[in-house]
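A.B. asks: Read off the chains here:
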Amino acid sequence: MRHFIIVGISTIIASVLLYMGLSAAHLMPVAASAQAVPIDWMWNLILIVMSFFFSLIVVPIGYSLIVFRRRRGETGDGAHFEGNTTLELFWTAIPLLIVVSFSVIGARNLAQTLARNPQAPVIKVTGLQWSWRFEYPADPATGLVVVSDQLHIPVGEQVLLRMTSSDVIHSFWVPEFRVKQDLVPGRFTELTITPTEVGSYKVRCAELCGTKHYSMENPVIIQSQEDYDTWLAGELEKAKLAASSPEGFGQLLVQQNGCTACHSLTGGTIVGPTWLGLFGSQVELSDGSAVTADDAFISESITNPQAKIVKGFESVQMVQYTFTPDELAAIVAYIKTIK
Amino acid sequence: MKNNTLGRAFLLLVIAGAVGYGIGLGIDFAIRGELKLTASVPSAFALLFGFTAFFFGLYGYRGITRGLVFQVAGTVIGAVLVTGIRALMGLESVGAFLFTEPAWVFGALVGVISFFFGVGVMTDWVKWARGIDTPDHHEDEPGWQKYFGVSLDHKVIGIQYTVTALFLLAVGGTFALIFRTELAASGLDFLTLNLDVFNQNGPQLYNTLMSLHGMIMIVSILLGISGIMNYVVPLLVGAHDMAFPRMNAFAFWVAVPASVLLLLALILGGFDTGWTGYPPLSSRAPLGVQMFFLGVFTAGWSSILGALNVIATVVRMRAKGMTAMRMPILVWASVATSIIALTATQLIGLSFQLVMFQRLFGMGFFDPGKGGNPVLFQHLFWFYSHPAVYVFVLPGLGVISELLPVFVRKPLFGYRWVAMSSLGIALVGFVVWAHHMFTSGMNEYLRVPFMYSTMLVAVPTGVKFFSWVATIWGGKIETPTPMLFVLGSIVVFLLGGVTGPPNAMVALDLHLHDTYWVVGHFHDTIFGGFVFPFFAAIYYWFPKATGRKMNEFWGKVHFWLMTPSFFALTLGMMFIGLRGMRRRIVDYDPALGFDGAHLFLTVCAFLIAISILIFFINFFRSIKHGEPATGNAWNSRSPEWQVPSPMPAHNYEVPFEVVGEPYDYGLPGSKFVEFAAKTAGKH
Chain A
1 MRHFIIVGIS TIIASVLLYM GLSAAHLMPV AASAQAVPID WMWNLILIVM SFFFSLIVVP
61 IGYSLIVFRR RRGETGDGAH FEGNTTLELF WTAIPLLIVV SFSVIGARNL AQTLARNPQA
121 PVIKVTGLQW SWRFEYPADP ATGLVVVSDQ LHIPVGEQVL LRMTSSDVIH SFWVPEFRVK
181 QDLVPGRFTE LTITPTEVGS YKVRCAELCG TKHYSMENPV IIQSQEDYDT WLAGELEKAK
241 LAASSPEGFG QLLVQQNGCT ACHSLTGGTI VGPTWLGLFG SQVELSDGSA VTADDAFISE
301 SITNPQAKIV KGFESVQMVQ YTFTPDELAA IVAYIKTIK
Chain B
1 MKNNTLGRAF LLLVIAGAVG YGIGLGIDFA IRGELKLTAS VPSAFALLFG FTAFFFGLYG
61 YRGITRGLVF QVAGTVIGAV LVTGIRALMG LESVGAFLFT EPAWVFGALV GVISFFFGVG
121 VMTDWVKWAR GIDTPDHHED EPGWQKYFGV SLDHKVIGIQ YTVTALFLLA VGGTFALIFR
181 TELAASGLDF LTLNLDVFNQ NGPQLYNTLM SLHGMIMIVS ILLGISGIMN YVVPLLVGAH
241 DMAFPRMNAF AFWVAVPASV LLLLALILGG FDTGWTGYPP LSSRAPLGVQ MFFLGVFTAG
301 WSSILGALNV IATVVRMRAK GMTAMRMPIL VWASVATSII ALTATQLIGL SFQLVMFQRL
361 FGMGFFDPGK GGNPVLFQHL FWFYSHPAVY VFVLPGLGVI SELLPVFVRK PLFGYRWVAM
421 SSLGIALVGF VVWAHHMFTS GMNEYLRVPF MYSTMLVAVP TGVKFFSWVA TIWGGKIETP
481 TPMLFVLGSI VVFLLGGVTG PPNAMVALDL HLHDTYWVVG HFHDTIFGGF VFPFFAAIYY
541 WFPKATGRKM NEFWGKVHFW LMTPSFFALT LGMMFIGLRG MRRRIVDYDP ALGFDGAHLF
601 LTVCAFLIAI SILIFFINFF RSIKHGEPAT GNAWNSRSPE WQVPSPMPAH NYEVPFEVVG
661 EPYDYGLPGS KFVEFAAKTA GKH
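Heads up: the sequence lines are chains A and B, in that order. Note that this note's numbering numbers the first sequence so that position 46 is 46, with each residue one more than the last. Note that this note's numbering numbers the second sequence so that position 31 is 31, with each residue one more than the last.
Chain A extracted, bound-state conformation (with noise of 0.2 angstroms):
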């Protein structure tokens, strides 16, 4: 019996000095959005539970290795008991009450972190390897629709992503904001966020999408509604003006598809071949042959890829890109602009 309280009471003690550990070692980033609220409330009832079944089943074992041991000469065996049902569907009913009332919370928990206004606004996301491309909401005035790499939402403001992905499966993760949506290819996936804290985070892709899957995180600034309203303001001119010339039209789709995560404007090898003086060089070909970087062969590389594959990029796949004859025509004029 002696034994039984002193390991009630280590087991006791042992889960609340686990429990106030790891609380004090907040292992949690920082909790930017509303959904965050929910879930970090469950992660500590977790931790909770996390730390009594721990303690449960480690102090006794602790106990009985020093209490129980074999000592010095001795000899024999231990005590002859084969077991106790009372005890056995104790410790089967009493973990099945929990893990039904779990259940239920965890049920409830679920509910409220996808609670949802069906008046938000949509951000359409798309995922491709390996960038984001987020396309706001119309401007009522213009009919400009505003397109970036970076998501910019107002503080408090819940917004719904719709997210599709033009190749491969992505996955949607702001550490901060805490919930997560895979994009899968051929249908849109849904998610709701409620950014509450002013500041700039990254949304980093959390399925494994290809060779630069680790560098695909793109900027999310959450900023006070005034700020935002600037910012797009701002966004808005500038697909104004870039309508206007086709160089700038260029840029612009070159940034919008995230071009740039591959092919370097600067020289040197990313993913894909350098930009920088493409235009009218010579380029030698997979099997051997060279061809001239004319508007034809950018034209095709852009829209199949496969076609005529640059010396040394064999291993590399492009996605094939669909673009109007005027935006094809408007990337080449960019790209000649880069020497």
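Because the hints were derived from the structure by calculation, they are not lab data. Fair warning: this is a prediction, and the values are worked out from it, not measured in the lab. Incorrect hints may have been included.
Said to hold, decoys possible - Only some residues are given here: those of chain B computed to face chain A with a beta carbon under 8 angstroms:
(1) T192
(2) L193
(3) T323
(4) A324
(5) R326
(6) F365
(7) P368
(8) G475
(9) Y665
Claimed, not checked - Here are the simulated lysine-lysine pairs, BS3-like style, with alpha carbons at most 27 angstroms apart:
(10) K336/A x K308/A
(11) K124/A x K370/B
(12) K240/A x K336/A
(13) K671/B x K320/B
(14) K238/A x K124/A
(15) K308/A x K370/B
(16) K336/A x K238/A
(17) K339/A x K238/A
(18) K556/B x K308/A
(19) K146/B x K127/B
(20) K476/B x K311/A
(21) K671/B x K476/B
Glycine included, C-beta positions come from ideal geometry on N, C-alpha and C.
Could you slot chain B onto chain A? The hints should help.
C.D. replies: Frame of chain A; chain B shown alone:
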């Protein structure tokens, strides 16, 4: 094994490797028009030639050597055949890796089948088909040679499985050390974008090594549990062999060409999909992914046939008096694990096969452009791959329950509950798969029932833990090396256990999914549920197989070096995972401040590697130089320890009868088994 034999084998390995490399380089030069030392073809030739020559030096042109020669020849013949047909049809006939993808896939398939004929595992079946009788037993040659050819003895096959598992453990571990080193500091340190090895740049090579680390370890685990089950189950139930000895041999030898294919995947362009191989990524990956798919597909047969054999053996071949509730607990665990392996493995083979067909024939199963659904693959894949983790851990948990009573000298607490909890885990394990898919875009509300079913696994697992604690309580605890590993298993598996429920809670999993938290969590479950018990089992049954004990001192060094390093490793992984470290990335944002943590994790990984190296040296040295232990080395009640070690060729010379409970330690005068009196003239 004579030292000069081993020396000759290594010499041949080097020479043949160099010759193969040279030939490959020549062929590659002919295609490419330039000399490239890090190209795929030379290394593929070096690997195949080197391996084959090594076994030739060791064993001559028979058994495994002949199998490998047949596999290489079969691969070439199959590939040339397809290449010829393609050339006649006017299709592209030369690829970046010498052959085109269809030629490689067909060649690899022919190669695997050829291996079976070469190694000789089909011989008896072919003879039967032609109406020729063969003896029931084949006498094995004495000494170490029998391990390199086809043997029908379950003990030989068990050791073949175990040693192959250890080899793959070393390979998979080496891959981990390579990428762990890259991760020690942020930035691309040596796996850079300019690197060009096997047609892969640094990040691509990282992805390949990381993916193969996963799958090679999984195959290693499957072979490891087959090793334990093959060696021990027939001994525990009192059978003279497994129910189907030829199928048993076949199931083992399937794993050898499968392992060759997995290694070829690294060389033939690699693949960047992770072990999960999700399309569309896998439908665009380089050629390596096909070798990976085919390797896994082939290894799956081993699992299925092995499981069938275990079930048949336990159902039909138990000793007199061994009722279901008197079976040693490891037998229960083996049956539970075999039920899963027999019925779920098909799904991973099928899902990979569908992607293979998608690539080869343009079928659109998972291609949204053709009306396919990428998420469907994930359902098919996880329908096996979640139960698979119970395949990995149930035998390990069985080993814990089997060995605990021996070392605490007390009966296993609540035998029936522990036995039934294995079946409980196995059955619940079938309905939890979608908890890997909480962020996948599957139906939002379907996530809730999967949360419920997943949480339910905690109940039978809890029964095991509580029963172990009650078994230890009040015993007379001894702590030789096997017991240390058993205790290590319990605590490590517990850590894996308590870090599981957070992943089951859907909302919390939205944060945890695909982070290092998950990596830390599942390494805990697999080390606690398989690696620690596997080592415990090896230290424990080593005297039974060899008649010698492994060195206790070095066993303890192994334990005390590995255990703290491992705790530090996984706790560190979980910590940075919570704070934003994603899985499967070759580089991380320095702004996250993880550099110090990653350096620490890398040091831990190397300490674990050193401890495993110590184990390997101890293992091979003890075969010859270990302390002799021909009797009941651990003072166990189990039948296999009532006869001398090493175990005689056909197990028990006289059959035994079960006369008591398996774990009645501390009950004076009780016995588990009683051997029949030896009668003259009867064998």
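A.B. asks: A separate judgement is required for each hint: does it hold in the structure or not?
C.D. replies: For each hint, the structure was consulted:
no. : hint            : result
1   : T192            : violated, 10 angstroms
2   : L193            : holds, 6 angstroms
3   : T323            : violated, 16 angstroms
4   : A324            : violated, 17 angstroms
5   : R326            : violated, 13 angstroms
6   : F365            : violated, 13 angstroms
7   : P368            : holds, 2 angstroms
8   : G475            : holds, 4 angstroms
9   : Y665            : holds, 5 angstroms
10  : K336/A x K308/A : holds, 20 angstroms
11  : K124/A x K370/B : holds, 24 angstroms
12  : K240/A x K336/A : holds, 22 angstroms
13  : K671/B x K320/B : holds, 15 angstroms
14  : K238/A x K124/A : holds, 20 angstroms
15  : K308/A x K370/B : holds, 25 angstroms
16  : K336/A x K238/A : holds, 20 angstroms
17  : K339/A x K238/A : holds, 23 angstroms
18  : K556/B x K308/A : violated, 61 angstroms
19  : K146/B x K127/B : holds, 22 angstroms
20  : K476/B x K311/A : violated, 71 angstroms
21  : K671/B x K476/B : holds, 19 angstroms
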